[in-house]
Amino acid sequence: MNLKKSILFIGLILGVSSITAQTDIYGKAKLINQQTDGYRGIWYHIAGAGQSGPVKNEYRYKYSGGLGTYPANHYPFSVYVKAVDKTFFCYGGTDGTGKTLLHMVSYFDHKTGQVPRPTIVLDKATNDAHDNPVMQVDKDGYIWIFSTSHGTGRPSFIHKSKAPYDITEFVRVPATKIVNGEKVPLDNFSYLQMYYSPEEGFAGLFTHYEKVGGRVIGWMTSKDGVEWSEWKDLSLLHQGQYQTSGNQGKRIGTSFNYHPNRPVRGGLDFRTNLYYLQSDDFGKTWTTAEGSSIELPLTEVANKALVHDYDAEERNVYIADLHFDPKGHPVILYITSKGPMPGPGDGPRMWHTAWWSGKKWVINPLSPAGNNYDAGSIYTDKRGRWRVIAPTAMGPQPYNTGGEMEMWESKNQGKTWKKLKILTKDSKYNHTYARRPIPVHPDFYAFWADGHGRQPSESRLYFCDRKGNVYQLPQNMNSDFARPVLCKAGQ
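Residue numbers (the numbering used here): 1 to 491.
A portion of the hints provided could be inaccurate.
Unchecked claim - Derived lysine to any residue pairs resembling SDA-like cross-links, with alpha carbons at most 20 Å apart:
(1) K162 with A83
(2) K382 with R265
(3) K418 with G468
(4) K183 with G113
(5) K327 with R265
(6) K30 with K111
(7) K223 with V179
(8) K177 with F282
(9) K284 with W231
(10) K250 with D224
(11) K160 with I120
(12) K211 with T152
(13) K360 with P398
(14) K411 with I363
(15) K183 with K382
(16) K99 with Q475
(17) K284 with N180
(18) K160 with K327
(19) K111 with V81
(20) K160 with Q34
(21) K338 with Q114
(22) K411 with R383
(23) K30 with W231
(24) K177 with D140
(25) K338 with K30
(26) K160 with V84
(27) K111 with A83
(28) K111 with K338
(29) K338 with K418
(30) K419 with R466
(31) K82 with G113
(32) K338 with K382
(33) K428 with K382
(34) K338 with K284
(35) K139 with E199
(36) K139 with V171
(37) K467 with M477
If you are wondering where the hints come from, they were derived from the structure by calculation, not from laboratory data.
Quick caveat: nothing in here was measured; it's all calculated off a predicted structure.
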């Protein structure tokens, strides 16, 4: 056995990487492990549908802005840990130039009301916010950072904090998966949603890119985060799917659309239909919402997992969040539209909820939407009340991604909604991608970023409490700790 293989073997035994050659492990990416002097999010954009350049109108981009907590297919960005009374969070940050994506980690200390200087874990060597990280915290207090990749052109990584509840230093986990009965490196995954159970370990839902099948959604499990199972596919519909999932106890639910393989209203820009599957054994087996067995992967567009046939209505579907009511019934939050282009032309757009009542799917409208990517989060409580935090009001760059954040409440499973509070108003930039922590502490209730919708800009990071008070994380820090700033309208 040569030296390099010997070091790798030792690293696998120890559960951390002992290989330090950047070119061998990270490619162009770099492990940083340094604190920085403030909270700055990544600005990112995607050009117009089917075009190589910006949209030829005032909206410029299909989606764009401060996308440090993007996309909805990544989860979670924040985890509350009762043992230390802190909400740990990660996000896509950047340096002073805004040209590179930095995987950032920090926490909000609920006892002191302060945040430390954030830690730069990794320079991902791209400005693509699809490579944003997600996180989990295990039963021993170790913080896990999962660094995703947009497709197969860049490697993916798993890092683990060197000490429990400590964000100052992370080490690479030399993770493996099973392929044809053999262990191989787990070094590429996209659109990751990662869940953790002290008894079961990790369960990850993700996407892998294939020449045949496109964006294929699947799942994997691991007891220790180092040795992962064989990848198994959930669906193989046409050109692929996007999935957005949720977790309650041992139940994991996933909602997804599909990309039709046809010349008219086909491809990634005409994603449609709404599907749902769930697992009650933390990812081992899957059923429909009513508990019926179903053969996986799905291969037929019309199948038992179909919640609603939006294809027949020529409507696009963009899924924002999935949560569960007190009985464990799924609630899906999503937007429908006529097409992929920004602006009113492909409207009207509408926010919806789809709720499994125990007998059938109940679908109701919530509020008009301005952009297909106006992502937000849905919350439920023990009394059966639902809340939504999302950019449901037009922002300073109307019809671009995001807008002004608002808080809504329903007391009748989405039949009617009341606007509880306007969270942001008269803002400089659009606010985007409000994300719900796992689990939720009332003082750190949603986490998001802002940014200009039509041109590169700075991006600030925010969170709100359950009462609707909004706080900005400090862009610049001259001390080791600082208090987030309570925002007023117009910021």
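Evaluated hints:
no. : hint           : verdict
1   : K162 with A83  : holds, 18 Å
2   : K382 with R265 : violated, 41 Å
3   : K418 with G468 : holds, 14 Å
4   : K183 with G113 : violated, 45 Å
5   : K327 with R265 : violated, 38 Å
6   : K30 with K111  : violated, 34 Å
7   : K223 with V179 : holds, 17 Å
8   : K177 with F282 : holds, 18 Å
9   : K284 with W231 : holds, 12 Å
10  : K250 with D224 : holds, 17 Å
11  : K160 with I120 : holds, 13 Å
12  : K211 with T152 : holds, 11 Å
13  : K360 with P398 : violated, 36 Å
14  : K411 with I363 : holds, 15 Å
15  : K183 with K382 : violated, 43 Å
16  : K99 with Q475  : holds, 17 Å
17  : K284 with N180 : holds, 19 Å
18  : K160 with K327 : violated, 34 Å
19  : K111 with V81  : holds, 12 Å
20  : K160 with Q34  : holds, 15 Å
21  : K338 with Q114 : violated, 44 Å
22  : K411 with R383 : holds, 9 Å
23  : K30 with W231  : violated, 27 Å
24  : K177 with D140 : violated, 23 Å
25  : K338 with K30  : violated, 42 Å
26  : K160 with V84  : holds, 18 Å
27  : K111 with A83  : holds, 12 Å
28  : K111 with K338 : violated, 47 Å
29  : K338 with K418 : violated, 26 Å
30  : K419 with R466 : holds, 14 Å
31  : K82 with G113  : holds, 15 Å
32  : K338 with K382 : violated, 36 Å
33  : K428 with K382 : violated, 37 Å
34  : K338 with K284 : violated, 37 Å
35  : K139 with E199 : holds, 9 Å
36  : K139 with V171 : holds, 18 Å
37  : K467 with M477 : violated, 27 Å
Taken one by one, the earlier hints fail for this structure at numbers 2, 4, 5, 6, 13, 15, 18, 21, 23, 24, 25, 28, 29, 32, 33, 34, 37, listed in ascending order.
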